[in-house]
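Engineer: Okay, here's what each chain looks like letter by letter:
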Amino acid sequence: MREKDLSVVKELMDHVYSRENTNAFVIVETSFTQIAKTNLLLLKGFLDLNNKKGYFVVLDRPHQYMSYLLNMHDVTQENIHYIDTVSDMSGEEKVDEGNVDFITGPYHIDDLFGIIDRDDQNEVLLKDKIDFILVDNISSMLNYNTMGKVEEFVRSFKRLIKGSKNLMGCMVIDSESYPELNRLIDEESDERIFLEDFMEVEKR
Amino acid sequence: MKIKRISTGVKGLDEMVGGGFPYPSVALVAGGAGTGKTTFAMSFLTEGAENGEQGLFFTTLSEPTQWMLRYASQFDFINKDFFGDEIRYEDIGLLLQQEGYEELINHIDDKIAEIMPQRIVIDPITVVKDFYSEEYRTFLFELINLLKNWKAVTLLTGEVAPDEPYPSQVTYAVDTVILLNMIEEEGSRRKYLEVLKMRGTDHTTGKQPVSITTSDGVVVLKSRF
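So the protein sequences, as listed, match chains A and B.
Oh and the first sequence: position 16 is 16 in our numbering, straight run, nothing missing.
In our numbering, each number is its position in the second sequence, counted from 1, plus 204.
Since the hints were derived computationally from the structure, they do not count as laboratory data.
Each hint should be verified, as a subset may be incorrect.
No more than 25 Å apart at the CA atoms, straight line, and that leaves these computed lysine-lysine pairs for DSS-like [said to hold, decoys possible]:
| # | chain 1 | residue 1 | chain 2 | residue 2 |
| --- | --- | --- | --- | --- |
| 1 | B | K208 | A | K10 |
| 2 | B | K206 | A | K4 |
| 3 | B | K206 | A | K149 |
| 4 | B | K355 | A | K10 |
| 5 | A | K4 | B | K284 |
| 6 | A | K149 | B | K208 |
| 7 | A | K52 | A | K129 |
| 8 | A | K149 | A | K129 |
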């Protein structure tokens, strides 16, 4: 990973963990061209730089793409568990290396709460033992769900975060695609971070 | 669902194609020698670099970085400081000569994963046919499928012979085909650009006159017809 990107991750993580209360629901906003990179930077920050454990909820591309990227960027995957909502409908071969649950399409996004809450998890993944849940571009949910369903999901996610101990909830958003998400995000989140603000530091 | 687009970087072209290239997608820019394919590609990458988008330029010709810098230095619109950082230059010519197509595809895949570009160029793609003649079609199919899975816009350039309208083996698989032509008219050679296809886009059809200048690169002029 380039030095420039690493310094963005470090700044971003310093900012996120400078909060008094880590039990927070944070939105990271970025351009639609930077979604995959933003997810990678956040996972690098959580897993590698801060040694945190958590879930990555995949809404756009099968989880193996991120798994491949993390390998390429030397990020260990011992402490990540994927919830993959895409592979079932993508027609790609489902690859399960023991750290993934598949949901039958982004239409059934609510199923992820059942997965996170279920009591047959291994010790690392018990809800009260994980440190973060990162949700992929929430805007992409609107390709498959009504605004009402997405609102319901965001509110349930917030309740999950607020009802847990020291759990950081993080959602990535590309608000250019669906401006109607802005009101919801402003109402429900504790903070909205613009990734480009951190990138400005390194811009020529 | 509205298709997201990024600017082509070529003056006058975005207006012809509903705002730019669909994101993500794979485009072919084809034309004969001297029609402006590489200049088009540089405009595309420079536009991205100015907007914080990472560029990755694969050359299949083993041209050294210095050659590219020297080429770029003649154009005022290219910021040379972008090279090496915002625009990464990767030579795949040697690999093309020495390895099979699967190794080449794996190498391209690894470089994309490492650099995470939003804009990719492979210049020119058609030279691959000389090395993988029997497997060329399979190579193209696998490469284009791979590129479509990355969150990026990829621009392939294609050299065509004077009697060949476009490289048909590439056009069937890509989302966009743009032709650059040089036509002899009234004793001089005039340049034209034509959008042959762009999936999901109501684009302008027909040949549009273009100029290539050192200040702006490729510019689509207002039609004279």
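Engineer: All the hints need checking, so say for each whether the structure fits it.
Structural biologist: Hints, one by one, checked against the model:
For the hint pairing B:K208 with A:K10, the CA-to-CA distance comes to about 30 Å; that exceeds 25 Å, so the pair is violated. In summary, the hint linking B:K206 to A:K4 is not supported, as the alpha carbons are separated by about 32 Å, beyond the 25 Å threshold. Restraint check for B:K206 and A:K149: satisfied, since their Cα atoms lie roughly 20 Å apart, inside the 25 Å limit. Of the supplied pair hints, the one linking B:K355 and A:K10 holds, its CA atoms being roughly 24 Å apart against a limit of 25 Å.
The suggested pairing of A:K4 with B:K284 holds, with an alpha-carbon distance near 19 Å, which does not exceed 25 Å. At most 25 Å may separate the alpha-carbon atoms for a hinted pair to count; A:K149 and B:K208 meet this at roughly 23 Å. Taking the CA atoms of A:K52 and A:K129, the gap is about 10 Å. The hint holds against a cut of 25 Å. A hinted pair counts as satisfied when its Cα atoms are at most 25 Å apart, and A:K149 with A:K129 does not qualify at roughly 28 Å.
In the structure shown, a violation is registered for the earlier hints numbered 1, 2, 8, in ascending order.
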